[in-house]
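Undergrad: The lines below spell out each chain.
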Amino acid sequence: MREVAVIGVGMNKWGELWEKSHRTIWTEAALKAIDEAKVDRVDAMVVGCMSGGLFVGQEHLGALLAEQLGMGPIPGTRVESACASGGLAFRQAYLAVASGMHDIVLATGVEKMTDVDGGAATFALSTAADQEYEGFHGVTFPGLYAMMARVHMQRYGTTREQLAQVAVKNHAHGSLNPNAQFPMKVTAQQVMSSAMVADPMRLLDCSPVTDGAAAAVLVPLEWARKRSSGPFIRVAASAHATDTIALHDREDMAFLGSTAKAAEQAYKQAHIGPSDLSFCEAHDCFTISEVMVIEALGIAERGQGGKLTASGYTALDGKIPVNPSGGLKSKGHPVGATGVAQVFEVVEQLRGACGARQVKNARWALTQNMGGTGASTVIHLFERV
Amino acid sequence: MEVGIVGYGAYVPRHRIKVEEIAQVWGADAPTYKKGLRLEEKSVPSPDQDVITMSVEASRRALRRAGVDPFELGAIYIGSESHPYAVKPSGTVVAEAIGATPNLHCADLEFACKAGSEGMFIALSLVKAGEMKLALGIGADTSQGAPGDALEYSASAGAAAFIMGRERLVAACEHTFSFTTDTPDFWRREYQHYPRHGGRFTGEPAYFKHTLSCARELMKRAGLEPGDFKFAVFHQPNGKFPLTASEELGFTREQVQQGLLSPSIGNTYSGASPLGLTAILDVAKPGDRILMVSYGSGSGSDGFVWRVTERIEEVRSLAPQTWAQIKDRPVYVNYGTYAKFRGKILKAS
Amino acid sequence: MIGLARHWREIPQRYRYEAARCDKCSAVYFPPRLVCSKCRGREFTKTVLPQTGKVETFTVIRVAPTGFTDEAPYAVAVVKLDDSIRVMAQVVDCEVEKLAIGDRVRLEFRKVQQDGEAGAICYGYKFVPEA
Chain A
1 MREVAVIGVG MNKWGELWEK SHRTIWTEAA LKAIDEAKVD RVDAMVVGCM
51 SGGLFVGQEH LGALLAEQLG MGPIPGTRVE SACASGGLAF RQAYLAVASG
101 MHDIVLATGV EKMTDVDGGA ATFALSTAAD QEYEGFHGVT FPGLYAMMAR
151 VHMQRYGTTR EQLAQVAVKN HAHGSLNPNA QFPMKVTAQQ VMSSAMVADP
201 MRLLDCSPVT DGAAAAVLVP LEWARKRSSG PFIRVAASAH ATDTIALHDR
251 EDMAFLGSTA KAAEQAYKQA HIGPSDLSFC EAHDCFTISE VMVIEALGIA
301 ERGQGGKLTA SGYTALDGKI PVNPSGGLKS KGHPVGATGV AQVFEVVEQL
351 RGACGARQVK NARWALTQNM GGTGASTVIH LFERV
Chain B
1001 MEVGIVGYGA YVPRHRIKVE EIAQVWGADA PTYKKGLRLE EKSVPSPDQD
1051 VITMSVEASR RALRRAGVDP FELGAIYIGS ESHPYAVKPS GTVVAEAIGA
1101 TPNLHCADLE FACKAGSEGM FIALSLVKAG EMKLALGIGA DTSQGAPGDA
1151 LEYSASAGAA AFIMGRERLV AACEHTFSFT TDTPDFWRRE YQHYPRHGGR
1201 FTGEPAYFKH TLSCARELMK RAGLEPGDFK FAVFHQPNGK FPLTASEELG
1251 FTREQVQQGL LSPSIGNTYS GASPLGLTAI LDVAKPGDRI LMVSYGSGSG
1301 SDGFVWRVTE RIEEVRSLAP QTWAQIKDRP VYVNYGTYAK FRGKILKAS
Chain C
2001 MIGLARHWRE IPQRYRYEAA RCDKCSAVYF PPRLVCSKCR GREFTKTVLP
2051 QTGKVETFTV IRVAPTGFTD EAPYAVAVVK LDDSIRVMAQ VVDCEVEKLA
2101 IGDRVRLEFR KVQQDGEAGA ICYGYKFVPE A
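Chains as they are written, first to last, in my numbering: chain A, 1 to 385; chain B, 1001 to 1349; chain C, 2001 to 2131.
Treat the hints as calculated values from the structure; they're not laboratory data.
Here a beta-carbon is modelled for each residue, glycine too, at the ideal position from N, C-alpha and C.
Take the hints with a grain of salt, since some may be wrong.
Anything over 10 Å on all C-beta distances counts as not near chain C; from chain A, calculated [as the list claims (entries may be wrong)]:
no., residue
1, M1
2, G72
3, L95
4, M101
5, T114
6, G143
7, T159
8, S193
9, D199
10, K226
11, A246
12, G298
Here are the simulated lysine-lysine pairs, DSSO-like style, with alpha carbons at most 27 Å apart [said to hold, decoys possible]:
no., chain 1, residue 1, chain 2, residue 2
13, C, K2054, C, K2080
14, B, K1220, B, K1128
15, B, K1327, C, K2098
16, B, K1220, B, K1209
17, A, K268, C, K2038
18, A, K261, C, K2098
19, A, K261, A, K185
20, B, K1340, C, K2111
21, B, K1327, C, K2054
Pulled from the structure, derived: some chain C residues nowhere near chain A, Cβ distances all over 12 Å [as the list claims (entries may be wrong)]:
no., residue
22, C2039
23, T2052
24, R2062
25, D2083
26, G2119
27, E2130
28, A2131
Okay, chain A solo, but in the shape it has when bound:
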């Protein structure tokens, strides 16, 4: 396997992009990454998109989007793993370069979510759960995570206030990110008095509905070294694991087994442990998600994620900042794009290009992108070399 580097990333401000279509949003991000990478060709393109079909009535995205690039009949592949589609697209691109199959591969993610009404968007997202045995009963994603939260709270004494602190922290981070959809700061009181969506998850516990895209250009590290003097952003590990699709089939409903499994593999590949991380971008689709993710990543002890968050350990000035970008909570969550946008943040941070939200002396970074209630997780480790 060849070592792989990311030499260009692209994304724009996310939000309700009424004037822009699915393909336009995607192409803008893709071109940014290509221009930044200063490449005159890409050998292959991978796009992560959860549900072109349900959100914009469009499938066959591999071909459609490859055509938008104007780079000829290159292979265009669409991958789907619910909200982990972006992370999985990046992994497929990584594997293509690492294996020697292609030299310059564009990894992208996109979702255009605002072309349908709220009920339809909620339904589209719910297809990431077991349609026949969860979705059939009218459960939603906020509802599923709410049920996980309730178990976590009951078993570990995680408090409502601790969950709110995840939102407080990530909005504070997001307020420093020009690409964030909701860059406003929030207080714990605001989170805890926002509208109830699925008890105990309130509106400000949930990531928003977002239009957005992100892209990254991957090449062999050696190839990058020949072109410039660095520093380079090396992909140090790529791991992917799955768990039961239905929450009720999970051995432990308050633990993210797929994240723990993928993290274990990733740390092993890179020969590091969680304490070596400079920061991480985690899949905080809900406040409870981040609490459970940092436990599965080994940043927090099992059951202590809420407490650790409230202590400031994961804040921008803490020991291991989690979601310096603002996370899905503040930056937005165009589901298929999220995993690639995490890479965007990591690359910008490791380059030291993040201004006010810059993590000091960042060397090792982790991205954790999750689908469903944790039925799939994609983790990547990055090192500045």
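On the provided structure of chain A, position chains B and C as indicated by the hints.
TA: Below, chains B and C alone, put in the same frame as chain A:
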């Protein structure tokens, strides 16, 4: 050879609406309905309940009391005027849900409030004829009265199921008799949401004529008098009609009280006298005789003479009893919720 | 909405709670599977799930997906069936504000979805408080 009921089951939804709640919306006089028609409140099906769901639950309860393998059922008949589908049987869903498919006969019946006793009669008759060992007859409805109409105070929801057989009876059927004429006192035309009725015409020439004629002829043929019965149950479109009918026939209040459910749950239409019968079976002693007479507009009455057997003592506690269900944590809804539940609110399509 | 055949083929599970028990290790699967994920066994025997159990976790859906908006707020719970596996379904006939982990519930036959006023009705199970 004796035939009769092997197992019975009742189902009444939890939601209720009080007569006062309906009356205040329409500017009507609640005491007129409470005293005049002896109605206090009625059951309301929630949006996820219909004739099929209630029939399944009532049938499962009947199966528990019968202690028979559902696969042995030779037929299933559901009588209702509110089948969820105009075309597509209710009975197939129920048969599938209780595990009775595929070797059985199935039909949905409709005859206003008499459809339930029809199902019972046909099930009983097929067993009696030796066509099958066991047959299931169900009466169930989620009836609608037009908003503001007198029927809105009574039209309610409930289901009763009876497994008929030849062995291990809890009540033997001693006699049956049916009385039928063409009397247009109440109807609902195809594609209409609410029924229409003939006002006071539904009384004397309709309900009373058929109920009384059927009861009298049945008792005459059986050689029995009101004094020979421990209990009697009549169709109960409200609380007043069955009491008037029973008095005219010479029954006492004690004989009809146990099976008189309509003041508490309203008129469950096809479920009405069958549900009354389940309430009686819940307390009857071996040897007790029960007179049951249904009434369905249009019009007709089915009469049955039941004699309770020893086995009743073994089975009645095997499933929820009818009065206990009626009194179990009722949830009262206001008219707005009731209107939403019953699809009476015009929504954007 | 759900396709006709898609719902129809789930009838044994949705109407009768039929599950599969692994002949080798006794693990129970609902719905039935072809391979046991505990022991990779491929032989199963039909079993029927117990119809009572205890709420392990729950939520109250206030922002509902298409098809369920008229029902909100409604409770959904993961219930551990007595001496058996967990299943997920709505909890109805209860005051959602008073629902709690540990509550005893039983399965009842209900309408779960319908394709509007004119389309097919999907029946299935929901939980109600145990008497």
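Undergrad: Determine for every hint whether it applies to the structure shown.
TA: Outcome of the hint check:
| no. | hint | verdict |
| --- | --- | --- |
| 1 | M1 | 30 Å, holds |
| 2 | G72 | 40 Å, holds |
| 3 | L95 | 26 Å, holds |
| 4 | M101 | 32 Å, holds |
| 5 | T114 | 16 Å, holds |
| 6 | G143 | 4 Å, violated |
| 7 | T159 | 16 Å, holds |
| 8 | S193 | 15 Å, holds |
| 9 | D199 | 4 Å, violated |
| 10 | K226 | 47 Å, holds |
| 11 | A246 | 7 Å, violated |
| 12 | G298 | 25 Å, holds |
| 13 | C/K2054 <-> C/K2080 | 5 Å, holds |
| 14 | B/K1220 <-> B/K1128 | 22 Å, holds |
| 15 | B/K1327 <-> C/K2098 | 20 Å, holds |
| 16 | B/K1220 <-> B/K1209 | 16 Å, holds |
| 17 | A/K268 <-> C/K2038 | 26 Å, holds |
| 18 | A/K261 <-> C/K2098 | 37 Å, violated |
| 19 | A/K261 <-> A/K185 | 34 Å, violated |
| 20 | B/K1340 <-> C/K2111 | 16 Å, holds |
| 21 | B/K1327 <-> C/K2054 | 24 Å, holds |
| 22 | C2039 | 15 Å, holds |
| 23 | T2052 | 16 Å, holds |
| 24 | R2062 | 5 Å, violated |
| 25 | D2083 | 16 Å, holds |
| 26 | G2119 | 15 Å, holds |
| 27 | E2130 | 19 Å, holds |
| 28 | A2131 | 23 Å, holds |
In this structure, the hints that do not hold are numbers 6, 9, 11, 18, 19, 24, in rising order.
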